[in-house]
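Q: Single-letter residue listing:
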Amino acid sequence: MDKFLIYTIAGLSTAAIYAIAASGLVVTYTTSGIFNFAHGAFSMMAAFMFWQLNKGWGLPFWVSVFLVIFVVAPLFGTVVERVLMRGIEGTTEVVKIVVTISLMIGLIALAQFIWPPSVARPSPAFFPGKSVHLFGVAVSYQRILSMIIAILIAVGLRLVFKVTRLGIAMRAVVDDRHLLQLNGGRPGRTSALAWSLGAMMAAISGVLIASEQSLSATGLTLIFINAYAVAVVGRLKSLPGAFLGSLILGLAEAYAVGYIPSDASIGAISLQKLPQAVPGIMLLIVILLQPQSRLRAHGMARRSIPAPAVSQRTAMIGGICMVAAVAAIGSLMAPSDLNLMTTGFYLTIVTMSLVPLTGYAGQISLAQLSFTGIGAVTMAAWGANGSPIGVFISIGICAAVGAVVAFPALRLSGIYLALATAAFAMICSAMVFNQNGVMPGGNRQVPRLALGPFKVDSDFKQFVTIAIVFAVAGNILIALRRSAWGRRLAAMRDSEVACATLGLNLTSTKVGVFALSAAIAGLAGTVSGGTFVAETLTLPSSLSVTMLAVVGGIGSVVGAFIGGLLLGAAPIGASVFSANAVGIFSFVSLSVPSLISFAPALMGLSLGREPDGAAPQLAVGFREVGKSPISLAIAAIGASVVWLAAWTSVIENWGFFSAGLVLALALVPLLPGIFSKEIDSSRRIASAAWLLVALVAAAFIPWGTAIESNGMRFVAIIAFVLLVGRVAVAAIGYDPTVLGEKLQSVSPDMIGIDEPITRAQAIDAVSIFGVTEDMLPPTTASTAWGGRVMS
Amino acid sequence: MSELRVEDLSVRFGGHLAVSSASLLVKGGQITGLIGPNGAGKTTTFNAICGVVSPSSGKVLLDGEDISRLRTYKRSRKGIGRTFQRLEVFSSLTVRENIQVGLEIRRSWAKGSGDLIQYLTDDQDLSPQAEVDLILNRLDLMPIADHSVSALPTGHARLVELGRALAARPSILLLDEPASGLDDSETDDFGDLLVTLAANGLGILLVEHDVALVMRVCTSLAVLDFGQIIANGSPEEVRANEAVLSAYLGSTPTSIAGTSAGATHDDVVAAEIGSSGQGFVS
Amino acid sequence: MSASVGPTSTESDVHHAASEPEHSDEALLELRGIKAAYGSIEVLHGVDLTVPVGKVVALLGPNGAGKTTTLHVACGLMQPTTGSVLIAGRDVTGAKPEDLARLGVTTIPEGKGVFPNLTVRENLLMATYAGVSMKHVEEVAYQQFPRLKERRGQLAGTLSGGEQQMLAMARGLAVNPAILLLDELSMGLAPLIVEELYGLVVDIARSGTSILVVEQFARTVLGVADIAAIMVNGSIRRVGSPDDVEHELSAAYLGG
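Residue numbers (the working numbering), protein chains in the order written: chain A, 1 to 791; chain B, 1 to 282; chain C, 1 to 256.
Keep in mind that the hints were calculated from the coordinates and are not lab data. Cβ atoms here follow ideal geometry from the backbone N, Cα and C, with glycine treated the same way. Honestly, I wouldn't trust all of these hints.
If you anchor each label on the Cβ, the simulated ranges turn out as follows [what the hints assert, rightly or not]:
#1 A:Arg82 <-> C:Leu86: 29 to 39 Å
#2 A:Ala325 <-> C:Gly94: 14 to 24 Å
#3 A:Thr164 <-> C:Ser84: 35 to 45 Å
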């Protein structure tokens, strides 16, 4: 009985903290429509801030509490709302999710940078050592305080939202921002206050938990991610629902810890880690119990004109070029560098797995690395000799698991699918990868492929193999995009309700694309040929995958490749630059690895401005090249010559690298211009001559000996390439990367005039109001036909 | 020929009764008009027929079979097609692809589809390509077949929706303001097309503000006001119905103004019914 | 008229202007040479419009003519590219809509003048941002529309279209505006209700408030307007007495 009481009280006090955190989440979601994935990171930052003020700077305990909760947190919430969230209103669900995920990852990186994890930070407790005996169980004052605060917040928030004008205005902003303005309310201020309130809730929960947990940026953030499961009980909008969910989760976790013997197991899976999986399991169950969301007619979405689907011919040439380039680069690399590159390269296939799901179908997944991990462990189990049969078994299993995971959530809208996959990632992490039976000692080696006599037995072969797999899978995806199924996915993303009225079963279509996506992610694991560590297959790692895939430009295979490279580049960059630091007049010195750890998150945050990702922008510069055979030929010849020069040691490897960059980024995009008859010939010659000189210079500058450190060498080369490109653009007089903007035409439908004046209306106006023909609008429907559409 | 029967349909949103005990009959081979002021419940009726909202009571029967409990896509597979008042075109696809998707989705569930009606041709063994071309030609969309629909004027986007719905070969087609955004001659052609489609066996339920068009093509009319059917009958009967005149067509608020339009009620109404474009409630 | 004082006193200034008979020929709202654009497409090509103190001005014209855009410029939701907006002689071009609302410019937008997920009472509370007490707002609203009192705890989104429009109008009545901007009051409503609502418009006008009404279907509003302006293709084509305009309209309908 004592045991039961002990765990009940422990559960209730955890529940109190979840309830406080979840109420903050509900506040921001109901007042902005944005599900703040970074909410847990807010709590974590508050916990660290609290430590910093109290222990770091020695401020009195209660002063620190006050400052964190009532000064720092509201300020932080306001800044986040002003700088980030206001910009993503009205964007797609995917962008909203990715921006808040980026914020979370950025905050974790920031915390790890400011408070390096190597130092232990014991946090001060509330009323240390004081406790009261309830039914014979000692309960600390702090736990009682948590519960009291939770109840006060429950009552307080209800009052704020039901009675105060400000609270009601916070709800009104979501309904109709403009109408609130017309009433005289100030929506900007109201939203900022709502985010401040949310950040305060996060801070309270963070400060309360700080003394009970060791301070760890990732660890604390993950604890508060559990609050997401709790919020779903109230469909993310109801405070009583969130409190009920907190009770269920807090108690379930406590009883799981208390009553499941540590040696219990189901088959090979030990139940020791079950408590860690409880939030994920609860989240999945709650989502399963939600009623199906209704179809909604939204009217035509205002989206930018999509880039046309790539032709299969271009895709094949692209694939061949990519494999050739990878082989060329790989052949020149030192064995240690090659090994490093190989370990991150499979991530391009992981990001590519999101192309059909997110890019084509507009759905989201936050568990791609879990599928990769499942692919890896199944390959290790059944494809021990690297046999291709193991590959097929693995991707089959991944597809099946993906379908099962997606099924409950696909009946609901975007945010629930995101949460369901996050839950799956949490469960996988605890119940699959962190199991000794699956990953002994926390890691597992995936065998490299062997196709009969051909064996992947070197890093170089592995490097090229991944490139080939990427190229083949990428070509299949592009073929799919052009197939009936691909059109159907695009159609479904544009209008679900229209698809349903044509007889399309939305659920099975979505399950199908989710299974495909899971299979590709699993494929990445099976062919990775590396060692997987359980610690890298957690939810935060999967979050980075989704974030960078979207940053690269998820609508295209090329975008996924860019995203994968960014993802793989961060750890590689960190090790290459490990000795470097960037100093600003010696006041501040930042280590380059920590700068790199911020970079992905910053790119994710920039999505608010560029929701299509990087690839479409890059594509603009290269689009004309694909149409010009002579440009393509020269690009290929140039690349071959540079590679041969390096291969035969005429130039050193750094020369190859810099010349390759000059070729790819400065010369190739300008080739169509250099051969265009429409541009003044003296300009063309000047630009071409400059590029040629720069190319030769890049190849022969002794980068390797002239500059000491790798890091500075990179910086110097990139600066050189940028300079070359700028001068060449100035010489020829046009910039290929800005040409694309002029091509976009604006339709009245896209700028808010839903119904252009028709001829009929205009003629009516003539008869009714006695106006003359010359007063008629210049663009009626029929002239728009000829003028805008046909042009 | 198919027959869609709506019996005592009510749709409630919270405390608001959007459609109240409405009954309708749409017969194959005929065009039935559904008219009424904005907000009268026309689009809600459409949504209830094709399963986008669930009715609080009442039934939707297709050829005698109760389809009120089926999900939207299943109703569509039984033969109900529709277009939308607020455009729901596939804006990232071209005009041709929009129609192709309609066809491809149909082919994915209806192998052969011998029992479905062909409206535009007698040829039963049309290749998918030829069928898309046929629809594009018939709707005069061929010249813009390869343009992205996101840049189309509203009127043409509506035709794309119609073409897409036709590609799924419904037996009953619900059209929600299909002619708004078309010019006069396009509207004339459009009316002819509707008549041809009906003559070939399609049952059409038409919501439209262009009263001239409605009067010209419809065999029967139902008038919806405050969610209730207040009149039913041939266009002539409806035109003469006093309840319709006062409730739907409205009048000058003469009691306030103290001045009249200088014409009797009926004159104004007759003139309005006769005029096209410039609808009284659009 | 003082231009540098806080919201409370400027508000009373505006009300003062509205109630003083000697200012009756003065324009309460004046748009001068307004041009406005969505992106690069100009939709208003130099609109001049004056709403004199205590008068009802009807802005008429076909769908897409720019009536609603004109209204949005007047209430501050949209900024003109050139031209100026004057309220009681003061240049308020570029002012935020919430500031104008607090100055006594009350706008009831087209078809959605209520917050659907707020209760009736909570909707009314939002009206108090314009500087009136909740007690006053409730008194006026419930007295004018007893039905709203019965439904004060109900979500506005579940009200019928007519009741929603009443709720929106209740705000217009209660905040005692200097100028009331109404967009398509009749949209989606039965003629009887429209008649009732326009009856209220007349009452409000009699109390000294200036009113600008945008209507697509001219007939519903001509009877209550003092001045009618016809807008076609982003410009005002004609301003005149309702009788003149109505005569033309009738002729056009009956003759066409």
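Q: Indicate, hint by hint, whether the structure satisfies it.
A: Hints versus structure:
Roughly 32 Å separates the CB atoms of A:Arg82 and C:Leu86, a value that falls within the hinted 29 to 39 Å. The hinted window of 14 to 24 Å between A:Ala325 and C:Gly94 is violated, with their beta carbons roughly 54 Å apart. A hinted range of 35 to 45 Å for the beta carbons of A:Thr164 and C:Ser84 is consistent with their spacing of about 38 Å.
Checked against the numbered hints listed earlier, the structure breaks hint 2 alone; every other hint is satisfied.
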